[in-house]
Amino acid sequence: MSEYVVLMEHITKTFPGVKALDDVQLHLKTGEVMALLGENGAGKSTLMKILSGVYTRDSGKMEIFGQDIVGDLNTKQAQDLGVAIIHQELNMCQHLTVANNMFLGRELIKNGRLDTKEMNRQAQEQLAKLGIMDLDPNATVGDLPVGRQQMVEIAKALLINAKVLIMDEPSSSLSNAEITEMFRIVHELKAMGTAIVYISHRLQELHNIVDSVTIMRDGKYITEGKFKDFTMEEIIANMVGREITNQFPRDQVARGKKILEIKNLNAGRMVRDVSFDLYEGEVLGFSGLVGAGRTETMRAIFGADVKESGEIILDGKKLTIRKPDDAIRQGIVLAPEDRKKEGLCTKLSIRDNIALPNLDLICNSTGKINKKIEDEMIEKGKNSLTIKMPGPDSQAGSLSGGNQQKVVVAKWLARESRVVIFDEPTRGIDVAAKVEIYQIINTLKKRGIGVIIVSSEMPEVMGISDRVIVMCNGKVTGEVDPRTVSEEEIMTYATQFGENAS
Amino acid sequence: MEKKNSFHKFMSIPGMASVLTAFVGVVILMIIFTFMNPNFISQRNLVPLSRSICPYLLVGIGQGIVCITGNIDLSIGSVLGMSAMISATLICNGVNPILALVITIIACLAVGVVNGVLVGKFKLPPFIGTLGTMTICRGLAEIVNGNYNTGDIGTSGMATAIRDIFYYGKVGFIYYGVIVSLIIWFVFNYIMNYTRTGRHIYAIGSNVDAARLSGVDVFKTTTVAYLISAFCSCIAGFITMAAAGMGSMQAGLSYEMYGVAAAVIGGISTLGGSGLLVGTIAGASVWAILQNGLTLANVPVAIRNIVIGVIVVACVLLDIMRRNGVKLGKKK
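Chain order of the listed sequences is U and G.
The opening position of the first sequence corresponds to residue 1 in the numbering used here, with each subsequent residue numbered one higher.
The opening position of the second sequence corresponds to residue 1001 in the numbering used here, with each subsequent residue numbered one higher.
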């Protein structure tokens, strides 16, 4: 038997019109954690779907535990061989219980009926192996926090005695505490001898767990090696194909007059007495733990959620914002956290998406759409933001994450907005596209637009903002200068539950 | 103390709260109708009322299970009509009644298979796929006796037995038809709650991709759901046929929607993945009680329809509001 548990060589895969994988190789050793890196669209997920039997390869050699895989592999066979995958989008039946999800497709039967007792027992045992003692196997999965659901997925994978576990962006929707918990479990698995392929865009977290790296770009294999032997710059350069000198470009702009003032905003339990100012030519960052109330604050300002009290003053004028429409007309816009669900109508064209909030500008008094103005608007957005797209009539959902985010920005830039709020603007976006988004943010700043960004990635908030406000438990707990502050200091503010904890 | 705990456990079963609400609704309706006309609560009214619940319960079971898979079955009413027409035509033409019923069941199950293939294999939107079979089956129901209703199925021993089993016969206060329906309910309730097939039905309704990637055969499971639905409609067709003693081409018109109503009032979500079959008993009862109670209260037919429609929408609205309330509360 070779030293590799998984050996893939010369793998190619073509989808209609696209060569997704071109002569790719991958070598995974027993008990190691390998980071599979590359930008979105580099082919990482496709490669892993081939390994787990979701897709079939066009050609190439594949060996799993020294066994040569001839012909096609289906999911069931892959599972029987001990390969399990945790997909990017959590794949759980939200209505079913923890144990039911773990045993889905391989339920235990006793005397012709489901052996619920035994399944619950084994589920509990499996969770205990991962050090999770306080999870009721009878709990409904949909009621659990995302981090917990992830644990259930991992436990499910282990139930089939997975010796190779593929984790596709497991951390993208987890809070810091949940990520720490997940890393602990990854270490545990490694100790049990499980080999893990770990896909992530959060390069900063890799050093915690990763032994080796394999880097891909544009469907091709680029390089591999020990993680220790690479610098972060080398990794990024290999992923992107060129040097990115500055991951967080921050342009200096002289701070101008006050644009926006929020006074004692209250909205539900997550927004308590929030006050802050925003000045022309600055990017204001919002940091804090997941669930600190940052998103809720922004939604309340934008009118997406109901406010209880508080004042919103824009350019010295007090605004009444009851619904998003009010905010948009008066120049406050929001690029929401979940692009696919809230930011875009993914089934509509790029054209329709950009035009949607601006139909008041495009239509004449009878409501007829003026194609000429619409075309100009889209052309302008496309050029100023360098959106890569087949044409304005292609589906918004078909674009890559970065380009989708640009479409969201384009729809707001078509009108004279004064304040642009970004909620997690780079979640799930690859390194190069991230930099482009930062540059767009810089451009806005130079145009005198006030920019607010909410981000859970500490390096991002610290790298791109001119001023950072930290929230905890629905309250503003600190304001810091990102150029001088340490991450620890921000964390201190972010965990300042203090007297409002109850 | 322990009692409270087990009650708590009972209520924490997902969907149980909706079911309980539906049963409370049944009781409230019964009280209201008794006030409007005291005859409502009399044995003379309630015993036949129990019998008229049966077809609604059967189509509610079928539609409910299809809804749990996240699909819909529009062919239910037509399959019911087909069942009544085919069985009655065969019996009138001298075929052994038992054999006639068997042939009818096979024909109806075939429709279930077709629905399963269209929706589960070729991925037709269930609304369109079953709209097609709905029209086809209504056509078959009409053509089978040359576009006429059938004559009387006669009074031969076996024909009488069929009338009795499905509609007229009773032991004590309980009609055989009620027993048949409850047995069918019991069997499918067992399948839904205690077998792998049932678990897979919930799973594909909850998240079809997750189910597929976990090794669930989505095609097979979808087909099983449509087969159950076709079977239930078929038995409901026998009941209708036995009650009339003949096959009517109009049998089962709109019953797919009565099925939706019974399922939804009973707390089954049309979006799939959740709901308990026990709720269909309450849902079907609400439906039958409304018809019966409003008639007893001398409400004109047109007004009756409006009232029933309003009540159904209000039921579902209440349920959704209650669920959203719970969700919001949890988030905070």
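Where hints are given, some of them may not hold.
Every beta carbon over 10 angstroms from chain G, so not counted as near; a handful from chain U, in silico [to be verified]:
1) Lys76
2) His87
3) Cys93
4) Asn101
5) Gly105
6) Ile185
7) Gln204
8) Thr386
9) Gly448
10) Gly478
11) Arg483
One-sided and incomplete, this derived list gives chain U residues near chain G with beta-carbon spacing under 10 angstroms [claimed, not checked]:
12) Leu114
13) Ile262
14) Lys263
15) Leu399
What follows is a list of derived Cβ distance ranges for each label pair [said to hold, decoys possible]:
16) Ala1302/G / Glu376/U: 38 to 46 angstroms
17) Leu1318/G / Thr484/U: 53 to 61 angstroms
18) Lys1220/G / Glu125/U: 24 to 32 angstroms
19) Asp80/U / Val1310/G: 49 to 57 angstroms
20) Lys1220/G / Gly131/U: 49 to 57 angstroms
21) Lys368/U / Ala1302/G: 52 to 60 angstroms
22) Glu379/U / Ala1302/G: 35 to 43 angstroms
23) Ser398/U / Pro1125/G: 16 to 24 angstroms
24) Thr1295/G / Ser398/U: 33 to 41 angstroms
25) Ile1306/G / Cys345/U: 33 to 41 angstroms
26) Ile1106/G / Asp80/U: 36 to 44 angstroms
27) Ser1012/G / Glu3/U: 46 to 54 angstroms
28) Leu1318/G / Lys368/U: 40 to 48 angstroms
No wet-lab data here; the hints were simulated from the structure.
Idealized CB from N, CA, C, for every residue including glycine.
Right, here's what the structure says about each hint:
no., hint, result
1, Lys76, "violated (5 angstroms)"
2, His87, "violated (7 angstroms)"
3, Cys93, "violated (4 angstroms)"
4, Asn101, "violated (8 angstroms)"
5, Gly105, "violated (3 angstroms)"
6, Ile185, "holds (21 angstroms)"
7, Gln204, "holds (30 angstroms)"
8, Thr386, "holds (34 angstroms)"
9, Gly448, "holds (37 angstroms)"
10, Gly478, "holds (24 angstroms)"
11, Arg483, "holds (36 angstroms)"
12, Leu114, "holds (5 angstroms)"
13, Ile262, "violated (22 angstroms)"
14, Lys263, "violated (24 angstroms)"
15, Leu399, "violated (22 angstroms)"
16, Ala1302/G / Glu376/U: 38 to 46 angstroms, "violated (56 angstroms)"
17, Leu1318/G / Thr484/U: 53 to 61 angstroms, "holds (56 angstroms)"
18, Lys1220/G / Glu125/U: 24 to 32 angstroms, "holds (30 angstroms)"
19, Asp80/U / Val1310/G: 49 to 57 angstroms, "holds (55 angstroms)"
20, Lys1220/G / Gly131/U: 49 to 57 angstroms, "violated (38 angstroms)"
21, Lys368/U / Ala1302/G: 52 to 60 angstroms, "violated (42 angstroms)"
22, Glu379/U / Ala1302/G: 35 to 43 angstroms, "violated (58 angstroms)"
23, Ser398/U / Pro1125/G: 16 to 24 angstroms, "holds (21 angstroms)"
24, Thr1295/G / Ser398/U: 33 to 41 angstroms, "violated (56 angstroms)"
25, Ile1306/G / Cys345/U: 33 to 41 angstroms, "holds (36 angstroms)"
26, Ile1106/G / Asp80/U: 36 to 44 angstroms, "holds (38 angstroms)"
27, Ser1012/G / Glu3/U: 46 to 54 angstroms, "holds (51 angstroms)"
28, Leu1318/G / Lys368/U: 40 to 48 angstroms, "holds (42 angstroms)"
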